[in-house]
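One-letter residues, chain by chain:
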Amino acid sequence: MFFDVNTAIGHWPFRKLADNDASSLRKLLESHKITMAAVANINGIFYKNTQGANLELAEELASHRDFFTGIATLNPAYAVWERDLEYCVRTLGFKGLRLLPQYHNYPIFSAEAISIATAAAQLNIPILIPQMIVDKRQKHWMDVEKFVDVNELGKLCCKVPQAKFILTEYRISAKLIDENGKPLYPNLYIEISRLRSAYMQDLAKLAKALGSDHLLFGSGAPFKEISPAILKMQCADLSEREKAQINGLNAQLLFSL
Amino acid sequence: MNKLKKYAVIDAHNHLSMDATMKLDRADAESRLQAADRLGIDKLCVSIPLTAPCPSPDEFIRANDAVVEGMRMNRRFLGFCFVNPGYQTEALREVERCIVKKKMTGIKLYHQYLICDPIMKSLMTLAAELGVPVLMHAGKCTDAETIKSQPLLSNAMHFLKAAEMFPETTLIQGHIGGGGDWEWNLRILEKRPPNVYIDTSGSVIDRGIVSKTIEALGIDHVLFATDGIFEEGVGKVIDAGLSESECRKLFRDNFQHILAMRKV
Numbered sequence: 001m002f003f004d005v006n007t008a009i010g011h012w013p014f015r016k017l018a019d020n021d022a023s024s025l026r027k028l029l030e031s032h033k034i035t036m037a038a039v040a041n042i043n044g045i046f047y048k049n050t051q052g053a054n055l056e057l058a059e060e061l062a063s064h065r066d067f068f069t070g071i072a073t074l075n076p077a078y079a080v081w082e083r084d085l086e087y088c089v090r091t092l093g094f095k096g097l098r099l100l101p102q103y104h105n106y107p108i109f110s111a112e113a114i115s116i117a118t119a120a121a122q123l124n125i126p127i128l129i130p131q132m133i134v135d136k137r138q139k140h141w142m143d144v145e146k147f148v149d150v151n152e153l154g155k156l157c158c159k160v161p162q163a164k165f166i167l168t169e170y171r172i173s174a175k176l177i178d179e180n181g182k183p184l185y186p187n188l189y190i191e192i193s194r195l196r197s198a199y200m201q202d203l204a205k206l207a208k209a210l211g212s213d214h215l216l217f218g219s220g221a222p223f224k225e226i227s228p229a230i231l232k233m234q235c236a237d238l239s240e241r242e243k244a245q246i247n248g249l250n251a252q253l254l255f256s257l
Numbered sequence: 258m259n260k261l262k263k264y265a266v267i268d269a270h271n272h273l274s275m276d277a278t279m280k281l282d283r284a285d286a287e288s289r290l291q292a293a294d295r296l297g298i299d300k301l302c303v304s305i306p307l308t309a310p311c312p313s314p315d316e317f318i319r320a321n322d323a324v325v326e327g328m329r330m331n332r333r334f335l336g337f338c339f340v341n342p343g344y345q346t347e348a349l350r351e352v353e354r355c356i357v358k359k360k361m362t363g364i365k366l367y368h369q370y371l372i373c374d375p376i377m378k379s380l381m382t383l384a385a386e387l388g389v390p391v392l393m394h395a396g397k398c399t400d401a402e403t404i405k406s407q408p409l410l411s412n413a414m415h416f417l418k419a420a421e422m423f424p425e426t427t428l429i430q431g432h433i434g435g436g437g438d439w440e441w442n443l444r445i446l447e448k449r450p451p452n453v454y455i456d457t458s459g460s461v462i463d464r465g466i467v468s469k470t471i472e473a474l475g476i477d478h479v480l481f482a483t484d485g486i487f488e489e490g491v492g493k494v495i496d497a498g499l500s501e502s503e504c505r506k507l508f509r510d511n512f513q514h515i516l517a518m519r520k521v
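Chains S and R, in that order, are what the protein sequence lines are. For what it's worth, this note's numbering labels the leading residue of the first sequence as 1, then goes sequentially. For what it's worth, this note's numbering labels the leading residue of the second sequence as 258, then goes sequentially.
Watch out, some of these pointers could steer you wrong.
Derived pair list, reagent style DSS-like, types lysine-lysine, alpha-carbon separation capped at 27 Å [stated by the list, open to error]:
#, chain 1, residue 1, chain 2, residue 2
1, S, LYS95, S, LYS48
2, S, LYS33, R, LYS469
3, S, LYS27, R, LYS260
4, R, LYS300, R, LYS360
To be clear, the hints were calculated from the coordinates, so they are not data collected in a lab.
Kindly generate the complete structure, drawing on both the sequences and the hints.
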């Protein structure tokens with residue numbers, strides 16, 4: 001099983017994307033032997049009322065429920081997100097929540113974020129937080145330049161220990177381990193698409209430090225090519241069991257599949 | 258991955274590093290070789306560029322000595338000689354030493370000067386006389402932080418100008434995926450200056466980046482490279498869906514063509 005936790009559909013206003021509808025994206029992922037994927041709607045990054053993007057996503061996924069797991073995009077600084085979150089989970093069948101503090105303009109460690117993380121934990125769904133959407137060195141002049149600060153995210157992890165957080169597009173090195181080699185944030189999971197593997201074995205080292213149950217396969221499609229993430233898994237000095245966990249078993253548990 | 262071995266792949270843009278004693282970091286070199294083995298890469302063009310605004314001759318000679326040590330450690334490392342063109346006399350002397358005596362393969366430049374700066378003239382002339390390529394760190398970065406930290410970062414427009422200023426010199430624009438607006442760079446290079454190549458390396462793996470690079474410059478002027486970012490380097494080429502003949506050119510033959518221009 002290959003479960004990709006980091007895919008998206010929708011329109012990215014700063015560069016033309018290909019295969020950004022559910023059918024095309026599914027074909028693309030399947031051509032790389034990916035068997036299931038979590039997917040969010042890019043439009044939710046830009047709509048003020050993000051629920052519109054969630055409804056679009058549900059419509060897109062209607063004939064692909066066997067492959068895609070829907071992820072809601074919500075802004076806890078916007079009105080009535082509580083009702084939207086309930087609706088996304090209970091009516092639309094979404095199994096995760098995505099937060100974008102750098103785009104929706106609130107601090108990741110804030111009352112708003114704590115409230116929505118608490119609500120997500122009550123609904124038993126994980127919270128995906130992209131550290132970035134694209135490399136800021138190529139940013140469009142209207143795009144943001146901020147990354148999610150992992151230390152601030154760490155504070156949120158500690159404040160809402162019952163919630164499970166998935167940090168996607170993680171590249172900037174941050175302290176994730178304490179002086180005794182223990183994970184600082186036991187409820188923080190890391191998606192692997194920006195970690196070094198063959199050279200320096202960062203992916204394998206992180207799996208040893210955090211536990212192989214705390215890493216998740218993701219590609220970043222359709223923004224990014226998919227083979228690099230697959231190569232990272234192939235090149236990692238990990239056992240077959242550990243690779244199986246990262247490639248899909250961990251996601252199965254987190255998304256209650 | 259092992260499918261790549263049949264091409265005897267040359268990575269046109271990679272690096273070595275120095276340890277705390279300013280000697281070759283052998284563990285790092287070994288890790289790069291292991292990564293290359295796993296991904297099916299045969300040879301690696303390596304340099305140790307210094308990123309300070311004005312590295313001194315003593316500093317760049319020391320960095321090049323570490324590259325020579327790497328070449329001795331394993332013949333799969335093809336050395337590129339880094340110099341600061343601002344020290345004109347010393348830079349020319351160091352290029353002569355590294356290329357002629359130490360058998361390095363090319364010259365590596367960083368962002369101390371734009372590639373079309375008139376100060377480059379004597380260095381570019383020497384490169385043409387020796388018949389070796391000049392690989393330069395490049396990009397069209399759009400974020401405030403990089404613009405501030407790398408004000409003399411060359412982009413495709415600078416390469417286009419340099420191609421006219423130094424028509425006898427083979428120029429390699431570094432890492433189309435090294436960060437920055439790569440589509441902007443490719444649109445400029447659609448003019449296909451005959452002495453400009455571009456390498457595919459860098460951490461940016463936007464879908465289509467390799468096929469669009471080939472579309473813009475033509476397959477004969479694109480070189481495979483990783484810049485030490487191995488899976489991204491190989492994976493984005495795999496996903497470009499190239500033909501067998503395109504793979505041969507990209508992974509090896511184009512660089513071999515450059516090597517064949519050597520005169521010393």
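Here's how the hints hold up against the structure:
About 22 Å separates the Cα atoms of S/LYS95 and S/LYS48, which keeps this hinted pair within 27 Å; it holds. The suggested pairing of S/LYS33 with R/LYS469 holds, with an alpha-carbon distance near 25 Å, which does not exceed 27 Å. Taking the CA atoms of S/LYS27 and R/LYS260, the gap is near 24 Å; set against the 27 Å cutoff, the hint holds. Taken as a hint, the R/LYS300 and R/LYS360 pair is honoured in the structure, with Cα atoms around 15 Å apart against an allowance of 27 Å.
Hint compliance for this structure: every hint is met.
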